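Student: So the chains spell out like this:
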Amino acid sequence: MRYYALIPFLPLLGFLINIIFGRGLLKHRAHWISVPVVGLSMVLGLMTVREVISGNVINEDLYSWVISGDFKVSVGFLIDQLTAVMLVVVTVVSFLVHVYSIGYMHGDPGFYRFFAYLNLFTFSMLMLIMSNNFLQLYFGWEAVGLCSYLLIGYWYQKKSASDAGKKAFIVNRFGDFGFGLGVILIFLTFGTLHYAPVFGSVSSIAGKTVVLFGYEIDLITLIALLLFCGAIGKSAQIPLHVWLPDAMEGPTPVSALIHAATMVTAGVFMVARCNPIFNLSEIALTVVAVTGAVTALFAATIGLVQNDIKRIIAYSTISQLGYMFLACGVGAYGAGIFHLYTHAFFKALLFLGAGSVMHAMAGELDIWKMGGLKNKMRITYVTMLLASLSISGIPGFAGFFSKDEILYQTYLKGDLGKVLWLMGTVTALLTAFYSFRIISVAFHGRFRGSHPEEHHLHESPPVMTIPLVLLAIGAVAAGWVGIPPLIGEAIGLHGAWFYEFLSPVVGHPSEEGSHSVELMVMTLSIIAGIAGIILAFYLYRGDAERAKALLKRPFLKKIHTVLWNKYYVDEFYHLIVVRPALWTARTVIEAVTDIGIIEAIVNGVPKTIGRFSERLRAIQTGLVNHYAIFMVGAMFFILAFILMVK
Amino acid sequence: MIELRWYIWLSLIVFTIGMLGFLTRRNLIIIFMSVELMLNAVNINLVAMSHYMQDMRGQMLTLFVIAVAAAEAAIGLAILIALFRTKAAGHVDEVTELRG
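Residue numbers (this note's numbering), protein chains in the order written: chain A, 1 to 646; chain B, 1001 to 1100.
Extracted from the complex, chain B is given alone in its bound form (with noise of 0.2 Å):
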């Protein structure tokens, strides 16, 4: 049986892969890509702690993580595709239209 602290160390280390990548990217794609590995890090967090506690409600959290992480790249790839229509860009740096 696979101990609990393993569990940990690779929700830490898929989450900082996906934390230095949202960080240093500048494919929107790859950024999405990140963020979504962060969200896994936490999912994997949440069901190995849910399964040490013997507690549902880990489980239940992770499902609701799945589904915001659905709709946010849904909506991150419209984004994109609206982007890509109007700037032909797919990179972040080439738009900063809010900049003050």
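Chain A with its partners taken away, still in its complex shape (with noise of 0.2 Å):
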């Protein structure tokens, strides 16, 4: 049975329905067919899993996409170990936000064009990892982020949401602009774009070089880097991060799903999948490890001083991609989609979390204004402390297992990786810091809002925290799959299942390390997010007078304005690409092609044919004596002329 198509065509036929019927038919019943289709490919989708995991790997080509010479790509699915993890996060996350929506966005005028873009998103995320072949993979890519583009800017009337969606897709543009180098490339050398061939034979070109602008260039390098571009992208690493924190404009079911869970992994998913090329590159890997790390690092440090609830958590994100493209990075990419996977739980709840914070609050995001809301949300707050000692690796829970593993493979990894590991430590220091931050100053201490809104506040409706607790058991017990075997040995669990389940895809990290190193590192991660926590409280307790007090430092105060302003990355943007942009739009494309050019040709011609006609039409006086003369005088010289030839 190949019910697996079904799958991302469910919700496709979703999203034709509510774009067709939406406006006039559904209106406020849209999550009527959005809802159950999804929920039926989320079945689907793990009956799939199932068989994946009873030793059952798809490859199929279902239909001929493009046949011109050559160049032949199907459309068709590849279901192995790697694509089922992929498919229990899509479906369930993406199931889970869809049903949070309908409490959400309930009353809002767009509602059928949200669900349909959800679906549309669904879809095109399920056909990215459901692929069996680049050009696949490339269109899931494209499409996925045409759902940002349109989610983000969702609110278009409010010029900032339609401005961040413009940035978002501009920016992803960059990235994938190498991305699809990387893909034509790939045809190039291999004369096919399907996984299967391109994989079995990337160890035959190992060593290979192209001359590119006078250098030579080992090709698996290039391919490998070029790909890594759309990755960057894509997943928001340095330097293409600045499109995620303003996609935050968007709902925030769409933040939970396209800019946590599902969408910004999907560089993460990619280099995974094509490790067999990545592995053959020490430099492309180091290129990834290193982006990561500093990737992890850097956002983490801005996530401390940022005001706006999504933003942090936005920049948590980008720091949690950071760390799996650490793992990828140092060869451990079980360990990087074991963190995919957890993170997905954890960061999709933290996201609907602050959504239901918002939802109380008329929409307001800064920290400041809230506090004290644990007594009055009890779901909200709970589910959010567990996701925040989750994404702060405390053992036990999610985070914990699959942060600990990328740290560990990292420390393996010879002197780079020590250094690699310490940053990744100390990230994991902020990375609690901040999760905290926001549980310590929006949750506890007393409210600072006004006294109507302090009486407004209430607990979002089942529709709403019902996805919340599942979320939660999820970001609390997914780990438990990828336990080390340390600890598994110890309380008599079989460890490293997630790794060995997805082994035959990714293969094993190549280094081996003792349970002395082993306990070293995860001792360590553990008092760093411990540490974090307790500074988080320590400081930001009852109105926060600590960290007042320390603002007043010249130094930290210094600090902290690079922080805030996020170390002007943006306004560097904006001297470099944006400025410089505009200027060519204005005085050589507008002024020169546009008006010199274009304009001048499309009024030119019919300027001359007026200017030509108004001359003629003096003779059409409307006289019939005068076109009587006319005939007679032409006839006059016609004959006349005949006679002289003659």
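A portion of the hints provided could be inaccurate.
[Said to hold, decoys possible] Straight line, CA to CA, 25 Å or less: simulated SDA-like cross-link-like pairs of lysine to any residue: (1) Lys646/A - Trp1009/B; (2) Lys548/A - Lys159/A; (3) Lys418/A - His515/A; (4) Lys646/A - Val1042/B; (5) Lys1087/B - His444/A; (6) Lys376/A - Ile491/A; (7) Lys1087/B - Val624/A; (8) Lys607/A - Ala618/A; (9) Lys1087/B - Lys158/A; (10) Lys552/A - Gly445/A; (11) Lys208/A - Gly191/A; (12) Lys646/A - Lys1087/B; (13) Lys418/A - Lys607/A; (14) Lys1087/B - Asn625/A; (15) Lys557/A - Arg546/A; (16) Lys646/A - Arg1005/B; (17) Lys369/A - Asp308/A; (18) Lys158/A - Trp564/A; (19) Lys27/A - Ala618/A; (20) Lys159/A - Phe572/A; (21) Lys72/A - Lys166/A; (22) Lys369/A - Gly200/A; (23) Lys646/A - Ile1008/B.
Since the hints were derived computationally from the structure, they do not count as laboratory data. Here the structure is a predicted model, which means the values were calculated and not measured.
Need the complex rebuilt from these two chains, each delivered in its own frame; the hints are there to steer you.
Tutor: Structure representation (structure tokens):
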């Protein structure tokens, strides 16, 4: 049975129904179609995953998409262990977010449009992860980008939202340009775009070089780095991370689904999928690892000082994605995907929790206007707390197992690995700090808003809290499939099941470590996490007097200013990209090309004809006698001419 | 027997009268009559030549010209009546709708 083909196409059907009938027929009932199709897709997805667990890997072409000479591409599905993990993440989180949105988006005038886009996104993301070739991957890649654009700018009447949508789309262009080149280069090198033949013959081109701009470059490194360009854009790594915080202008369920759990992890998925290519290039792997570690630390430091609850979580997402790339870069793809999988639960939960808070506070985002919410919003508070514990790497929670494995594998990777590991451990401390800064400021202490606002505070309806609870279960328990062997032995459970499961696709990490090293790394990361939590509660207790006192010191004040302005990256890009682009648009494109060439042609032709006819119409007097004179005169001339010629 | 050239002179004179009338008069009926004169000048010419050259084709052509002239007169009168009904005008300089 090919029921797995229905997994992506059911949401597509939901999209079509909603976009055609949503405006007139469905209106506020749009979720009647959207939610069941995604639910059904989730059920089928989980059934497929069970098949995969029992050992059936599906790789099948369904339809010849492009046949042009040697260029043959099909629409096909590859459902292996890696895809299975992604299927769980995408369908489950997508379904829960759909359900949550029923409550969150209730009463919004674009209700049907929101669900249509959300369906389209689910379809695109599923096409991306289930593809068995690079072109379909690219299709899904661009389609999720489109949905991201549509949903960030969902409240398009707001200038900041439509700007953020454009920014996300344009910044992603930079990465996708490289990704597109990478795909083309793969076709030129291998003559096919299907995964199996490409990955099968990749080792045969090891050591081959191409000459580019006069330099000799290793072909595999070039392909890997071009592909990684796409991952940098899509997964918001340095230097293309600037779009993700702005993407928070979109509705919160979108942030949870697209900008935390699924789309932004597509880059990690792609790198893991292409691991046979990356494994052959030491340079590319190092680039991936360093980019990941630097991004993780960099984004975490910015997250320390932001006041917008969603932006803090957005920087946290960038930081966690950095971890995943760090894992891929040290060859521990299994750990990277494991973190992707656990991260999807706790980060989606953090966002949906933030959405629940915003729901109660009429859209307020500033954590300093909240406070004391824990008594008013019990479920939201508890679930947020669990998610924060999970992301902080507290033992027993999902985030602990995945983050610990990444740090351990990084530590084993030589001298560079030690440096990256240190960055990762510091990041773990910062992660715990900013996560519990939210908890401490927004949920503890006293309420800082006005009285009517306090009176308005309420727990969200069950349609929103139930997804929170389900995600909280994931945030706590999802990690137990990948317990480190060290702990597994101690408590009598089979450890590292997750890595075993994934190993047919991504292999095993190359380095073997000892238990003592693992224990050391683990202890340090636990200490870092707990220290971050304690520090956050210590500094932000009550009205955060201690934190404010710290800011009085000039040195810390200066650092705070830099972090508050996000290291001035946006300003820098504005200076070197946006302004030159606008300048070129105005002085070259508008003045020369538009006005000088195109408008000159478009307006010049009718103007010339007009001037000519202006003269010609003088003879059209409308008097029959005049026409008669012309006729007779012309006849006379013709006659004279004939006679003269003869 | 009258020589051929008298016929040609007659034809020329009739044609010239018709042409001058066609060019100078403003009354639409007179213009039609002038056109009729020019056509008949051609007919005289054709018949005379036909007789002189002993070729029946000239007389055949004349019959066609007469038929065309009749049709033309019918259409012309129809235009005239339509014009008079809509604009109460019988003179061509009173209608200049086609001026560019």
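Student: If a hint holds in the structure, say so; if it does not, say that too.
Tutor: Here is how each hint holds up against the structure:
no. : hint                 : verdict
1   : Lys646/A - Trp1009/B : holds (23 Å)
2   : Lys548/A - Lys159/A  : violated (33 Å)
3   : Lys418/A - His515/A  : holds (17 Å)
4   : Lys646/A - Val1042/B : holds (23 Å)
5   : Lys1087/B - His444/A : violated (93 Å)
6   : Lys376/A - Ile491/A  : violated (38 Å)
7   : Lys1087/B - Val624/A : holds (16 Å)
8   : Lys607/A - Ala618/A  : holds (18 Å)
9   : Lys1087/B - Lys158/A : violated (62 Å)
10  : Lys552/A - Gly445/A  : holds (22 Å)
11  : Lys208/A - Gly191/A  : holds (16 Å)
12  : Lys646/A - Lys1087/B : violated (48 Å)
13  : Lys418/A - Lys607/A  : violated (73 Å)
14  : Lys1087/B - Asn625/A : holds (19 Å)
15  : Lys557/A - Arg546/A  : holds (14 Å)
16  : Lys646/A - Arg1005/B : holds (23 Å)
17  : Lys369/A - Asp308/A  : holds (10 Å)
18  : Lys158/A - Trp564/A  : holds (24 Å)
19  : Lys27/A - Ala618/A   : violated (62 Å)
20  : Lys159/A - Phe572/A  : holds (22 Å)
21  : Lys72/A - Lys166/A   : violated (33 Å)
22  : Lys369/A - Gly200/A  : violated (57 Å)
23  : Lys646/A - Ile1008/B : holds (22 Å)
Violated hints for the displayed structure, listed by number in ascending order: 2, 5, 6, 9, 12, 13, 19, 21 and 22.
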